[in-house]
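Could you slot chain B onto chain A? The hints should help.
Quick note, the sequences are listed as chains A and B, same order.
The number in the working numbering is simply the position in the first sequence, starting from 1, with 727 added.
The number in the working numbering is simply the position in the second sequence, starting from 1, with 2 added.
Just so you know, not all the hints are guaranteed correct.
What the hints assert, rightly or not - Listed next, the in silico BS3-like pairs over lysine-lysine satisfying Cα-Cα at most 27 Å (straight line):
| id | chain 1 | residue 1 | chain 2 | residue 2 |
| --- | --- | --- | --- | --- |
| 1 | B | Lys31 | B | Lys90 |
| 2 | B | Lys223 | A | Lys741 |
| 3 | B | Lys199 | A | Lys810 |
| 4 | B | Lys203 | A | Lys810 |
| 5 | A | Lys774 | B | Lys203 |
| 6 | B | Lys215 | A | Lys797 |
| 7 | B | Lys203 | A | Lys797 |
| 8 | B | Lys215 | A | Lys758 |
| 9 | B | Lys220 | A | Lys774 |
| 10 | B | Lys220 | A | Lys741 |
| 11 | A | Lys741 | B | Lys215 |
| 12 | B | Lys223 | A | Lys810 |
| 13 | A | Lys758 | B | Lys220 |
| 14 | A | Lys781 | B | Lys203 |
| 15 | A | Lys797 | B | Lys223 |
| 16 | A | Lys797 | B | Lys220 |
| 17 | B | Lys223 | A | Lys774 |
| 18 | B | Lys215 | A | Lys781 |
| 19 | B | Lys215 | A | Lys774 |
| 20 | B | Lys215 | A | Lys810 |
| 21 | A | Lys781 | B | Lys199 |
| 22 | B | Lys220 | A | Lys810 |
| 23 | A | Lys781 | B | Lys223 |
| 24 | A | Lys758 | B | Lys223 |
| 25 | A | Lys781 | B | Lys220 |
Just so you know, the hints here were simulated from the structure itself, not pulled from any lab data.
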Amino acid sequence: MKSKKYVTVGNDHKGLNYREIAEIMTNDGHKMNHSSVRNYIVRSFTKVAETLSKNYGLNYDAEEIDRIAKSPEFQHALIDVMKSEWK
Amino acid sequence: MSFQSTLFSKHIKKNPLLTHKQEIELSRKAKQGDMVARNKLIESNYRLVLSIAKKYHRSNCDFEDLVQESNIGLITAVDKFDPEKGYKFSTYACWWIKQAALSYINEHAGSFKVPTHSRMLNAKIKNLSTKYEHENGRKPSIKEIANELGENTKKIKYTIEANKPSMSMDKDKSADDKSLSLKEKIEDTSYVTNPEKSLEKQEMVSIIRQSLKCLTPKEEKIIRLRFGIGESADNIQEFPVTDEMKAYLNEV
Numbered sequence: 728m729k730s731k732k733y734v735t736v737g738n739d740h741k742g743l744n745y746r747e748i749a750e751i752m753t754n755d756g757h758k759m760n761h762s763s764v765r766n767y768i769v770r771s772f773t774k775v776a777e778t779l780s781k782n783y784g785l786n787y788d789a790e791e792i793d794r795i796a797k798s799p800e801f802q803h804a805l806i807d808v809m810k811s812e813w814k
Numbered sequence: 003m004s005f006q007s008t009l010f011s012k013h014i015k016k017n018p019l020l021t022h023k024q025e026i027e028l029s030r031k032a033k034q035g036d037m038v039a040r041n042k043l044i045e046s047n048y049r050l051v052l053s054i055a056k057k058y059h060r061s062n063c064d065f066e067d068l069v070q071e072s073n074i075g076l077i078t079a080v081d082k083f084d085p086e087k088g089y090k091f092s093t094y095a096c097w098w099i100k101q102a103a104l105s106y107i108n109e110h111a112g113s114f115k116v117p118t119h120s121r122m123l124n125a126k127i128k129n130l131s132t133k134y135e136h137e138n139g140r141k142p143s144i145k146e147i148a149n150e151l152g153e154n155t156k157k158i159k160y161t162i163e164a165n166k167p168s169m170s171m172d173k174d175k176s177a178d179d180k181s182l183s184l185k186e187k188i189e190d191t192s193y194v195t196n197p198e199k200s201l202e203k204q205e206m207v208s209i210i211r212q213s214l215k216c217l218t219p220k221e222e223k224i225i226r227l228r229f230g231i232g233e234s235a236d237n238i239q240e241f242p243v244t245d246e247m248k249a250y251l252n253e254v
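Chain A on its own, in the form it takes in the complex (with noise of 0.2 Å):
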């Protein structure tokens, strides 16, 4: 099965949609669109996963890594670590 290129969790966090988020920072100087903000939050949980996996001493390769980022069960446990860490 062909894997998907953009995943990440559904919104039930009551925060905002890509296109409103693209407004946003366009309207704080980083000009960008819907797709690239989506990029973005694929990016930074590809980001966490590999600096996590690099911590715990577990040299994991790109399509694992990749296949972690995207998985539902770590994007809500890292939404979740945020959210404590990050008030």
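Using the frame of chain A, we list chain B on its own:
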């Protein structure tokens, strides 16, 4: 002194059994609004209430409460009894008292309430299973029970499941019983008894915290906006508002 001897015996001694004629007379008066006659009819039938409550009393329900609930059945019977039909009051009242007693038992017998209709269906299932086993030498299948009772298999399965007896995890043991209770057999996974796990969790959170630092401020802001982290939708001053939302707010 027990409940029965203190409260009920007094009333029972004071109010001997009524004759059929007296019952009809008191009932007629009660129908016309005579509260003294109504009370007399109620108090004279406490014996019946006690006798039925004793019959239905089980160890898992409180006897005094059962008697009180049965009394409500008696009061209903007094209010609904029609003396002109010629029947004895006790014949009519015993069904109301039994109904009230059973209703109380159904609601309070188990750890949680199962609807009366479900308990009644469960009783039917049990009776049918016993009869079937006796006749055929094996227990009936769910499908056979459903066919026999004219219900669907899903309902039969659900009813059996809902009426399974429950047990307390804190069930008292006798002093000489050295076996462990159910509660004592369950592993305690709390951090108080597992300091290693607590430490592991703390370490994991610390690593995740470190890993989050790899995000740039721009990425962090996008994530915050997307998942509503640290932003309050009620706080319009701090919550980022899009032009579209501003226009909508101005319209409102």
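These are the hints, each one checked on the structure:
Pair hint Lys31 (chain B) plus Lys90 (chain B) holds up; C-alpha atoms about 16 Å apart against a cutoff of 27 Å. Our distance criterion of 27 Å between C-alpha atoms is met by Lys223 (chain B) and Lys741 (chain A), whose separation comes to about 15 Å. Between Lys199 (chain B) and Lys810 (chain A), the direct Cα distance comes to roughly 23 Å. Compliance with the 27 Å bound is thereby established for this hinted pair. Of the pairs offered as hints, the one joining Lys203 (chain B) and Lys810 (chain A) holds, with about 17 Å between alpha carbons and a cut-off of 27 Å not exceeded.
For the given pair, Lys774 (chain A) sits about 22 Å from Lys203 (chain B) by alpha-carbon distance, which is consistent with the 27 Å threshold. For the proposed pair Lys215 (chain B) and Lys797 (chain A), the alpha carbon gap of about 20 Å is at most 27 Å, so the pair holds. Our distance criterion of 27 Å between C-alpha atoms is met by Lys203 (chain B) and Lys797 (chain A), whose separation comes to about 23 Å. Restraint check for Lys215 (chain B) and Lys758 (chain A): the C-alpha separation of about 24 Å stays at or below 27 Å, so the hint holds.
For the proposed pair Lys220 (chain B) and Lys774 (chain A), the alpha carbon gap of about 14 Å is at most 27 Å, so the pair holds. Distance check on the hinted pair: Lys220 (chain B) and Lys741 (chain A) sit about 20 Å apart at the alpha-carbon level, within 27 Å; holds. Proposed proximity of Lys741 (chain A) and Lys215 (chain B) is supported: the alpha carbons are some 24 Å apart, at most 27 Å. Pair hint Lys223 (chain B) plus Lys810 (chain A) holds up; C-alpha atoms about 13 Å apart against a cutoff of 27 Å.
At roughly 12 Å between alpha-carbon atoms, Lys758 (chain A) and Lys220 (chain B) fall within 27 Å of each other, so this suggested pair holds. Proposed proximity of Lys781 (chain A) and Lys203 (chain B) is supported: the alpha carbons are some 18 Å apart, at most 27 Å. In summary, the hint linking Lys797 (chain A) to Lys223 (chain B) is supported, as the alpha carbons are separated by about 20 Å, within the 27 Å threshold. This hinted pair checks out: Lys797 (chain A) and Lys220 (chain B) have alpha carbons roughly 21 Å apart, not beyond 27 Å.
A C-alpha spacing of about 15 Å is found between Lys223 (chain B) and Lys774 (chain A), which places the hinted pair at or below 27 Å, so the restraint holds. A hinted pair counts as satisfied when its Cα atoms are at most 27 Å apart, and Lys215 (chain B) with Lys781 (chain A) qualifies at roughly 13 Å. Between Lys215 (chain B) and Lys774 (chain A) the alpha-carbon distance is near 10 Å, which keeps this suggested pair within the 27 Å criterion. This hinted pair checks out: Lys215 (chain B) and Lys810 (chain A) have alpha carbons roughly 14 Å apart, not beyond 27 Å.
At most 27 Å may separate the alpha-carbon atoms for a hinted pair to count; Lys781 (chain A) and Lys199 (chain B) meet this at roughly 22 Å. Annotation: proposed proximity of Lys220 (chain B) to Lys810 (chain A) holds, straight-line Cα distance about 17 Å (limit 27 Å). Between Lys781 (chain A) and Lys223 (chain B) the alpha-carbon distance is near 24 Å, which keeps this suggested pair within the 27 Å criterion. Only pairs whose Cα atoms come within 27 Å are accepted, and Lys758 (chain A) paired with Lys223 (chain B) is accepted, the gap being roughly 14 Å.
A C-alpha spacing of about 23 Å is found between Lys781 (chain A) and Lys220 (chain B), which places the hinted pair at or below 27 Å, so the restraint holds.
Against the hints set out earlier in the document, no violation occurs for any number.
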